[in-house]
Amino acid sequence: MAYLEASVIDHGAVARPTGRTPCSPAKSNLSDFGGKSTAYETHAVVYYEGDPAKRLYELVRGSIMLYKLLPDGRRQVVEVLRPGDIFGLASTDENDCTAETLTSSIVQEIDLRQVERSQELQSILTKSLTSQMHVLHEHAVLLGRKSAVERVASFLMHLVPDRGGLGCAGPEDEENDGFDLQLHMTRQEIADYLGLTIETVSRVVSDLKRRGVIRVDKADKIHLNKVCSLCQMTGIH
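In numbering that gives the first Met the number 0, the protein residues as written are 0 to 236.
For the record, the hints were derived by calculation from the structure and aren't laboratory data.
Beta-carbon label-pair distances, calculated as ranges:
(1) Ala38 x Leu111: 15 to 25 angstroms
(2) Asn224 x Val140: 22 to 32 angstroms
(3) His222 x Gln118: 39 to 49 angstroms
(4) Ala168 x Ser36: 32 to 42 angstroms
(5) Glu171 x Ser30: 27 to 37 angstroms
(6) His222 x Arg144: 21 to 31 angstroms
(7) Arg214 x Arg116: 50 to 60 angstroms
(8) Gln118 x Pro170: 35 to 45 angstroms
Okay, derived cross-link-like pairs now, DSSO-like style, lysine-lysine, Cα gap no bigger than 27 angstroms in a straight line:
(9) Lys145 x Lys208
(10) Lys225 x Lys145
(11) Lys53 x Lys126
Glycine included, each C-beta is placed from N, C-alpha and C at the ideal position.
Produce the entire structure from the sequences given, and follow the hints as far as they go.
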């Protein structure tokens, strides 16, 4: 049976989409350019929205969410990062969001001024931004057009390697199309990422369980009973 550790849920919530291929957690793209490596505990803040944007960061190990807060305290999680993702680039001299770890994490960081002096570093950054743009486009469609069920289904499907989306070859074994996920985000964090209420996330998860699409084994583990069945609920078919 397939098994994957992912960034996701608590109390039976769900997980995280990304359209990019992560780099190896053991190797940092930025480590060749100096800087420092920092270890963070779970739910530690790497930087706050409004802090001076002076450094570029790469997630080497763990998981980090980027979010923005509205004046009334509402939160929108705009991206969930995994190893290999580069972050911290802002359009002004201030960070435009807050970066907070979801698990214990290791982050490599360098001074932004080094980007101006290195063509190789600029190339790495361009590739990263291209992948990030794709992910943000997909997330805009999810928030703007998909139903609650389609959002949760899409979220889970993005955690299954090489399945879903264009070019999906389907299951290798029709009789054994299950997949296990270990998750680390709270329902509130998932709701803030999908643009839903916590009650709606809980209702969708319960509905998927009732329909036999998923099984929640423990608070932090979800089993996809049939990946193809879940994929058909994402709105892309």
